[in-house]
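Could you put the whole structure together from the sequences, leaning on the hints where they help?
One line per chain: the protein sequences are A and B, in this order.
Using this note's numbering, read the first sequence as starting at 1 and increasing by one per residue.
Using this note's numbering, read the second sequence as starting at 394 and increasing by one per residue.
Hints are computed from structural coordinates only; laboratory data are not their basis.
Hints may be right or wrong, so weigh each one.
Here are the simulated lysine to any residue pairs, SDA-like style, with alpha carbons at most 20 Å apart [unchecked claim]:
#, chain 1, residue 1, chain 2, residue 2
1, B, K654, A, Q378
2, B, K654, A, A322
3, B, K654, A, I368
Selected chain A positions facing chain B (in silico; Cβ < 10 Å) [to be verified]:
#, residue
4, G282
5, A301
6, E379
Derived list of chain A stretches under chain B, where covered just means 3 residues or more per stretch with a C-beta under 8 Å from a C-beta of chain B [as the list claims (entries may be wrong)]:
#, region
7, 244 to 255
8, 267 to 275
Since we're looking at a predicted model, the values are computed, not measured.
Cβ coordinates follow ideal geometry from the N, Cα and C atoms, glycine included.
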Amino acid sequence: MDDGLRGAISALLEKYDPATTPVADFLGARYDAGLAWVHFPEGLGGRSAPRAMQQEVNEAFAAAGAPTLDAGRHGIGLGMAAPTILAHGSDAVRRRFLRPLWTGEEVWCQLFSEPGAGSDLAALGTRAVQEEGTGDWIVDGQKVWTSLAHEAQWAILVARTDPDVPKHQGMTYFVCDMTAPGVEVRPLRQATGEAEFNEVFLTGVRIPDAHRLGAVGEGWRVAQTTLMNERVAIGGHAEPREGGLIGVVANTWRERPELRTPALHDALLRLWVDAEAARLTGERLRQQLAAGQPGPEGSAAKLAFAQLNQRISGLELELLGAEGLEYEDWSFRRPAHPSMIDGTPGYRYLRAKGNSIEGGTSEILRGIIAERVLGLPQEIRVDKDVAWKDLPR
Amino acid sequence: MTTTTAFHSGAAESADLGYTEVEEELRANVRALLAARAPINAVLARTELAQTTDTELWRALADELGVTGLAVPEELGGAGASWRETAVVLEELGRAVAPVPYFGSCVLATAALLALGEREQLPRLASGTAIGSLAVSFATAPGAPFPGTVHASDDGLLTGSVRHVADALAADVLLVPAVGEDGEPRLYAVQQADVEPMVSLDMARQLAVVTLDVAPGRLLASGEEARHALDAALTTGAALLASEQLGVAEWALTTTVAYAKERHQFGRPIGSFQAVKHRLADLWVLVAQLRAVARSGADAAARGSADLPLTAALAQAFASGAAVTATEEAVQLHGGIGFTWEHPAHLYLKRAKSASLALGTPDRHRARLATLVDLPA
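So, in structure tokens, the structure goes:
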């Protein structure tokens, strides 16, 4: 870290005591000092510094006890909306949205998936039609699997603006006001019994043209920025040894000798080895990412962690035996902080099933690795040159 | 729980899991040499010769590249680099299944001599003018009981035999663990022994039976020191073998991906079929994990980390299965050609399966991990 950065951090910490300054004020000051995302431009929370510096800056603030936002509540904003807004937003859009996103005053959600467009996201059918005269966009359709939709002020939205061209070409990317008339949010309950996600119904929702990110018809390209960052956000964080689910099961093993059997012992050790290998792989990826841009390698980490979480949480129920027959609570709940580590064994087992589906199914991720990393030939595609409106559905 | 504290603090040391520019340069040099002097057809052909060691290649590695003493300090005649650079050479040798006694001499024997601070043989091994071999069964795991098949008289004469010794056929000096008349472990340097080749599953690393019949040995260490030197060699070996296994797995992956792009069936490259693509994607993930594990092992050995026993056990518990899977996938995805004598896939399969048994099978390393990370049976 250079002296300029170090000096800026000390000056900020001197002026705003992390212990007494309200969180939003502290984060606002950090944004204004260009110490939010150091690789962002000046005036937008950054100082055009190398991206590699970010980690050291974060560590310096963490060492001083500075506040950070809850990753569960603000992950979509920080990890997906912010890089997309920076890369594709107009100057006015960047200035309007980045600061309150960084300070946590505005929560974001993601309106991408639809009931008929899951893995095949580019098939989405939520329509956005531009109104003559005002230039506003009128949006109608249904989105699904939306975390935080019931708390979010803003959403990143991809909608179909031209049904007469092949599906990848006819989409446009918007920022959508979740409090606007015509936005209806309904809880979507999962196999765990709780509603972590939502369905979002959009009926005649009005979006000003100024809230478009990227050109009309460029929505797919803009969405790639979001999705690449999502995969890094899910799989690319640093973890200590036994920091994941394996640590939970390992501690149960240590504390409950009466549960041990030779076969479970070997199964546990195999998983411990695989979990440690995956952790080291994540750490190696993190060391490389510290210097560069997120790439498709993030897909590998996500794929590995999904498999591991499912195997580990399955083993945990077997280890617990009779206790594994129980479930804590089937009543409808809206979890504030869905966490596998803090949950119960039954919850972990069920929730882990989502890990290989959310953020790109494991099958889609294997396709991405095969085509983008290994350079294998693409699948034979029957939908590439067909207008979206003529696709069978 | 003290054990838990110990292994968590071990993890806190920051391991560098990447490659430095110097390491990448070293890799390029070794790769270029191997491409020129040990093309795969030559390696295949050598498996049918009486002389299974490529001594010319060994000379080139020693004299032209100077990579035989990377882990040895300069004052002992080495290059003063570390096990990290040695591991990079091993990756390339694995990738070429090159028939040279590098692992036996520059890793196992060198690690034993380094642990003893030995000054006579070590400079010769470091310069590559002599080849060393640790005369234990290649299947011996770190932490195994001290071998008892060779006995030493009080005047240093050794009698007994050791089977499955790696890189002994080309060796000038054997490091022989033996039991003294007092029943204490000893380690000897032996230059005259009967070394007979064994028909070995790994055709590029032919094992041997070492027989000693009242053979004179020079005492290197006895008691706890001998035990420690042997364990240091086996532990370092286990950590470093993962890098050779990585090279083997990397060959399997890249060769199979290339083949899947060019081989056509049903009017399209077989690599466009999802059944093939997804297997290769999984294999890529596995090799990426193997790389992280192998670098972790090499880095821990280079730093002499307290975490080394754990990292070495992890390396073998993971790398063995990963390299076997990679080569098995290579055979299957090549179809008929991959099962032939003329195609090199079988050499890599044999290397991977043999290496998975070498220095302890994965289950032994899992058992060792169980102790090290406090997960008792």
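| task | Report holds or violated for the interface hint on A301(A), using the least CB-CB distance to chain B and a cut-off of 10 Å. | result | holds, 9 Å
| request: Identify whether the interface hint at E379(A) stands, where standing means a beta carbon of chain B within less than 10 Å of its own. | output: holds, 7 Å
| Satisfaction of hint between Q378(A) and K654(B), Cα-Cα up to 20 Å | holds, 11 Å
| Between K654(B) and I368(A), is the straight-line Cα distance small enough, at 20 Å or below? | Holds. K654(B) to I368(A) sits at ~16 Å (cutoff 20 Å).
| task | Go check the region 244 to 255 of chain A versus chain B for me, would you? Three or more residues, Cβ under 8 Å, otherwise it fails. | result | holds (count 3)
| Are the Cα atoms of K654(B) and A322(A) separated by 20 Å or less? | violated, 51 Å
| query | Within the assertion that chain B covers the region 267 to 275 of chain A, do at least three residues meet a Cβ-to-Cβ distance smaller than 8 Å? | reply | holds (count 6)
| Cut-off 10 Å, beta-carbon criterion: hint that G282(A) touches chain B | Cβ of G282(A) sits 8 Å from chain B, so the hint holds.
Of the hints listed earlier, the one the structure fails to meet is number 2.
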